[in-house]
Amino acid sequence: MTSRSSGTDMIAELVLATLFGLLLLGLHRKLIARIQRRPGPPVWQEILHMLKFSFKTTWIPKTASPVLFVGVVLIAIGIWTAAFYVLISGGSLLVILGIYMLHKIVEHGFGLSSGSPYGKYGGVRSVISAASEIPLFVSVAVIAVYTRSLDLSVIMQYQQVHGPLLIIAFPAACAMFLVILSKMPFGPFSIVEAKELVSGYKTEHFGIWRAGLEICNGLKTFVLLAVFLAVFIGLLSLPWLLVGMILMIVLLAFACAVTPMMSPFDSVTIQMLVTGLMLGYAAVVLMVVHP
Amino acid sequence: MIDLIGGVPLFVLEFGDELVYFTPYTITLFLLALTFTVLVLISRPEKQIDIAFGGDAYRAKEISISEMRFRRFMAIACGLATMGAMVTGDIFNFTLFTAMVGITNVGIVAAVKSPHVQDAAYQYGLVALAATVPLFAGAAVYAAVTGSLSMIELMKGTVPAVPLIAKGMLMLGVIGEGMAPFYAAKAEMFRAPGAPYVIMCSLSSLLIFLRVVEIVMLG
Numbered sequence: 196m197t198s199r200s201s202g203t204d205m206i207a208e209l210v211l212a213t214l215f216g217l218l219l220l221g222l223h224r225k226l227i228a229r230i231q232r233r234p235g236p237p238v239w240q241e242i243l244h245m246l247k248f249s250f251k252t253t254w255i256p257k258t259a260s261p262v263l264f265v266g267v268v269l270i271a272i273g274i275w276t277a278a279f280y281v282l283i284s285g286g287s288l289l290v291i292l293g294i295y296m297l298h299k300i301v302e303h304g305f306g307l308s309s310g311s312p313y314g315k316y317g318g319v320r321s322v323i324s325a326a327s328e329i330p331l332f333v334s335v336a337v338i339a340v341y342t343r344s345l346d347l348s349v350i351m352q353y354q355q356v357h358g359p360l361l362i363i364a365f366p367a368a369c370a371m372f373l374v375i376l377s378k379m380p381f382g383p384f385s386i387v388e389a390k391e392l393v394s395g396y397k398t399e400h401f402g403i404w405r406a407g408l409e410i411c412n413g414l415k416t417f418v419l420l421a422v423f424l425a426v427f428i429g430l431l432s433l434p435w436l437l438v439g440m441i442l443m444i445v446l447l448a449f450a451c452a453v454t455p456m457m458s459p460f461d462s463v464t465i466q467m468l469v470t471g472l473m474l475g476y477a478a479v480v481l482m483v484v485h486p
Numbered sequence: 004m005i006d007l008i009g010g011v012p013l014f015v016l017e018f019g020d021e022l023v024y025f026t027p028y029t030i031t032l033f034l035l036a037l038t039f040t041v042l043v044l045i046s047r048p049e050k051q052i053d054i055a056f057g058g059d060a061y062r063a064k065e066i067s068i069s070e071m072r073f074r075r076f077m078a079i080a081c082g083l084a085t086m087g088a089m090v091t092g093d094i095f096n097f098t099l100f101t102a103m104v105g106i107t108n109v110g111i112v113a114a115v116k117s118p119h120v121q122d123a124a125y126q127y128g129l130v131a132l133a134a135t136v137p138l139f140a141g142a143a144v145y146a147a148v149t150g151s152l153s154m155i156e157l158m159k160g161t162v163p164a165v166p167l168i169a170k171g172m173l174m175l176g177v178i179g180e181g182m183a184p185f186y187a188a189k190a191e192m193f194r195a196p197g198a199p200y201v202i203m204c205s206l207s208s209l210l211i212f213l214r215v216v217e218i219v220m221l222g
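Residue numbers (the working numbering), protein chains in the order written: chain E, 196 to 486; chain B, 4 to 222.
Excised from the complex, chain E in its bound form:
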């Protein structure tokens, strides 16, 4: 009975996190529209999208690799579900960030499996934008230098004693913010979904497969924002966690609304420059904290 009850709770948490993540994505779209003086869609638009696609006709293109076409959707939901449970159990930050990087492979799989040229170029762009992940690992290294652990529970305990890492390691927080920005739609680094590629890597995934992708996006948004707050602010009660996530979405929406989408070359160049700066910062931190 107990295990059934806890299992039900876990599923309920997963569903609520996904819906809240989709709501955040809707809020992101709405804010961008309002900043750009457009009415924009309602904030629950992404939830409606997910429901709409769930009941649309579903097909697999004749040119697709069918097993991979369907398999990547399941893998996408699977890896972010795993990341969510690692997050709520206070597990290793390294596992979550590993999953974050593997999302690139999922995008690559989405793009290549259909045979569509638009999907293919979306997938290839996803791989070349892997430069954005390197600052993430430098941020993680800095956090590890300070806290001597990569367990989320230990990182949160450290902040209860020493104060938020947002203040102690502000450049690392900026780098991780940039990484999250690179994953947000309509942002300066969203080259995988550029309009010249129709919908990029997800062009050919329609019906229930697209609904699966929407679920993955909602969950991914929730996990990334919650991880940022856990790592740089510390332990928060649920209402404060939700408020913090909304504030982060407001910041991200401003960044996306006022910056044009870069060319793939510029996007990768800026990400590599940030990586260089972060490596320098990490070296300084290492020398100061552990001389």
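One or more of the hints may lead you astray.
Simulated crosslink set (DMTMM-like; lysine to aspartate or glutamate; CA at most 20 angstroms straight-line) [said to hold, decoys possible]:
{"hint": "1", "chain 1": "B", "residue 1": "Lys159", "chain 2": "B", "residue 2": "Glu17"}
{"hint": "2", "chain 1": "B", "residue 1": "Lys64", "chain 2": "B", "residue 2": "Asp53"}
{"hint": "3", "chain 1": "B", "residue 1": "Lys116", "chain 2": "B", "residue 2": "Asp93"}
{"hint": "4", "chain 1": "E", "residue 1": "Lys378", "chain 2": "E", "residue 2": "Asp461"}
{"hint": "5", "chain 1": "E", "residue 1": "Lys257", "chain 2": "B", "residue 2": "Asp53"}
{"hint": "6", "chain 1": "B", "residue 1": "Lys170", "chain 2": "B", "residue 2": "Glu156"}
{"hint": "7", "chain 1": "E", "residue 1": "Lys225", "chain 2": "E", "residue 2": "Glu388"}
{"hint": "8", "chain 1": "E", "residue 1": "Lys257", "chain 2": "B", "residue 2": "Glu21"}
{"hint": "9", "chain 1": "B", "residue 1": "Lys159", "chain 2": "B", "residue 2": "Glu21"}
{"hint": "10", "chain 1": "B", "residue 1": "Lys159", "chain 2": "E", "residue 2": "Glu388"}
{"hint": "11", "chain 1": "B", "residue 1": "Lys116", "chain 2": "B", "residue 2": "Glu65"}
{"hint": "12", "chain 1": "E", "residue 1": "Lys390", "chain 2": "B", "residue 2": "Glu21"}
These aren't lab readings, by the way, just hints derived from the structure by calculation.
Please arrange chain B on chain E, whose structure you already have, making use of the hints.
Leaving out everything else, chain B in the frame of chain E:
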């Protein structure tokens, strides 16, 4: 410096100094490598569509059975090497698996009859070949300084501290196998048709990179 980076080892299989172990981190990576290797086994390649520039014409690229067999074999070999790199507890074995991943990545696209892809594979091969120098040199410095190549010994902290140069060389070697900024040629390889096989090229590099992040934080 930091204990139990990937979590508490769940299972350790020792063969003298050689060992295999699973932590929550490495088992996650191993399962992903296994999942994609199974996908390679059971998937058929897609028919990639090319659009003629400036017109409405398009054509689908077909992959012949003999080409598919060879590329599937190389992709499975790549998956096995990646799985080995995920679970090994020995730094020298890790470098061997990494070098094998580089070779199999070239093999996955070697049978594609496209000049762009062949050029990219050749250039990637040169970078990967050059990267093996710091890769194996890094492992050699590990052995010279600590007297052991066992990751468990490094984790225990019973051996002398590993110099930063050794960690840097090991990282550089892995990055040269296909991570930013050395992945430009590799991105061109992804023009090749055969999605289930091509994906193994990017997956293997990424997983190896994720594993080396854990390794350099030990000791």
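Right, here's what the structure says about each hint:
At most 20 angstroms may separate the alpha-carbon atoms for a hinted pair to count; Lys159/B and Glu17/B meet this at roughly 16 angstroms. The suggested pairing of Lys64/B with Asp53/B holds, with an alpha-carbon distance near 8 angstroms, which does not exceed 20 angstroms. For the suggested pair Lys116/B and Asp93/B, the alpha carbons sit about 38 angstroms apart, so the restraint of at most 20 angstroms is broken. Restraint check for Lys378/E and Asp461/E: satisfied, since their Cα atoms lie roughly 16 angstroms apart, inside the 20 angstroms limit.
A C-alpha spacing of about 15 angstroms is found between Lys257/E and Asp53/B, which places the hinted pair at or below 20 angstroms, so the restraint holds. Between Lys170/B and Glu156/B, the direct Cα distance comes to roughly 16 angstroms. Compliance with the 20 angstroms bound is thereby established for this hinted pair. For the proposed pair Lys225/E and Glu388/E, the alpha carbon gap of about 18 angstroms is at most 20 angstroms, so the pair holds. For the given pair, Lys257/E sits about 48 angstroms from Glu21/B by alpha-carbon distance, which is inconsistent with the 20 angstroms threshold.
A C-alpha spacing of about 16 angstroms is found between Lys159/B and Glu21/B, which places the hinted pair at or below 20 angstroms, so the restraint holds. Proposed proximity of Lys159/B and Glu388/E is contradicted: the alpha carbons are some 46 angstroms apart, above 20 angstroms. Between the alpha carbons of Lys116/B and Glu65/B the distance comes to roughly 11 angstroms, so the proposed pair stays at or under 20 angstroms and holds. The straight-line distance between the Cα atoms of Lys390/E and Glu21/B is roughly 52 angstroms, outside the 20 angstroms bound, and the hint therefore fails.
Hint violations for this structure: numbers 3, 8, 10 and 12, all remaining hints satisfied.
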